[in-house]
Amino acid sequence: MSGATITTGEYIKHHLTNLTFGYQDGHWGFAHSAADIKEMGFWAIHVDSLLWSVALGGLFFLLFYTAAKRATAEVPGGLQNFVEWIVEFVDESVKGSFSAKNDLVAPLALTIFCWVFLMNLMDLIAVDWLPLLAGAVGESALGMDPHHVFFKVVPTTDPNITFGMALSVFYLMIYYSIKNKGLGGFLGEIAFQPFGKWGLPANLILEGISLISKPISLALRLFGNMYAGETIFILIAMMYGAGWVMGGFGGLLQLGWAIFHILIITLQAFIFMTLTIVYMEMAHNEH
Amino acid sequence: MNINATLIGQSIAFFLFVFFVMKYVWPPLMAALSERKKQIADGLAAAERGHHEHQLAEQRAKNVIREAHEEATEIISRAHQRASEVIDESKGKAQEEADRIIESGHSLVEQESNSAREHLRAEVSALTLMGVSQILQREVKESDHQQILVELGAKF
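Just so you know, the protein sequences line up as chains A and B, in that order.
Per the numbering used here, the very first residue in the first sequence carries number 1; after that it's consecutive.
Per the numbering used here, the very first residue in the second sequence carries number 288; after that it's consecutive.
Pulled out of the complex, with its shape left as it was, chain A reads as follows:
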């Protein structure tokens, strides 16, 4: 909620700024403003994004690891049932679009689907709760000004996170392309398709763009959807500060958008997974 001491613009900005740890003015520390973050340059870390990302990934892994460790062929319990449901869903998706033999692809798809879903799910937690909590913790434990404690809880609204994953998929794609088709085969696909060897420059441009666009579209699609969703939640949250009528209307809007958002976050996780599978399939087969 927008406090009395900050304006609407500041509120939005505050919500969309990451808690950044980096090197500035001769010492390591948290950034206090957007300008500080700019100054820190590349060698800085969004602590909040990475923290939530790793925590949610860890949650996913622990949940599935617990189920996997106790997995039996007997009648499954609740957790195992749930985990098997997801695993079978992912397995079906992988079998549907991936024809080659690679033990990495299915676990990769499972990790992406669950992890992205969990990170997106953070969007459904009311936008102010965790940042306010973080502000309070920062103020009491670290002696910081709560307005300077930035805290974004949805890792997928941070392009670093989405690009981190999309580029990782991209590396895997190139690695398996070269592994399966050879360096020559991989370069040949870029250089001699679709117009044959006399259309080499056109081929390079076309295939090069199509290659580069894969990780970019993968990352930006997820980021864009989540960032837009998050922004709308923030805008709705601002209505709570504008009287009872607007606040009530805002509550309805938030409920509606949250229900709609459940669909979006699942869909985005599914799209990320499916595209990853398709890209891996492309890396394994001539096309």
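Derived from the structure by calculation, the hints contain no laboratory data.
A few of these clues could be false.
[To be verified] For lysine-lysine, the following DSSO-like pairs were computed, each having C-alpha atoms within a straight-line distance of at most 27 angstroms:
#1 B/K310 - A/K179
#2 B/K324 - A/K95
#3 A/K214 - A/K179
#4 B/K324 - A/K181
#5 A/K95 - B/K310
#6 B/K442 - A/K69
#7 A/K101 - B/K310
#8 B/K310 - B/K324
Chain B: place on chain A using the hints.
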């Protein structure tokens, strides 16, 4: 929107998670799933087999019962036959026995009558002799006719 080292951190975390999932999560779950699939398939096959065997056993039981019926009927008819045979046989035997008894009765009677006749004859001859001797006592001396009497007696 700052691209910074978070990207690298996320990539590292990504590869680690994928690796861990590939190593510790996916294989046991898939093993459990395929194992259960196999168990279910086996169970269904066993049920099918059991059903089939049940049908066979029923068929076999029916056959056994039918055979037993046939055998029982045959045994009964044989028993009837045997019973009538036995009756006939014993009838014949009884007839023979009766014949034999009658026969032996006949011979016994004959024997008895013979001996009675013999006895009678002896008595008659004695009586005759007595009468004759009484009649002739006065006129004839016994000693004179002893010879004749003995010869007479021997003629019987």
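When the structure is checked against the list of hints, which entries are broken? Sort them ascending.
4, 6
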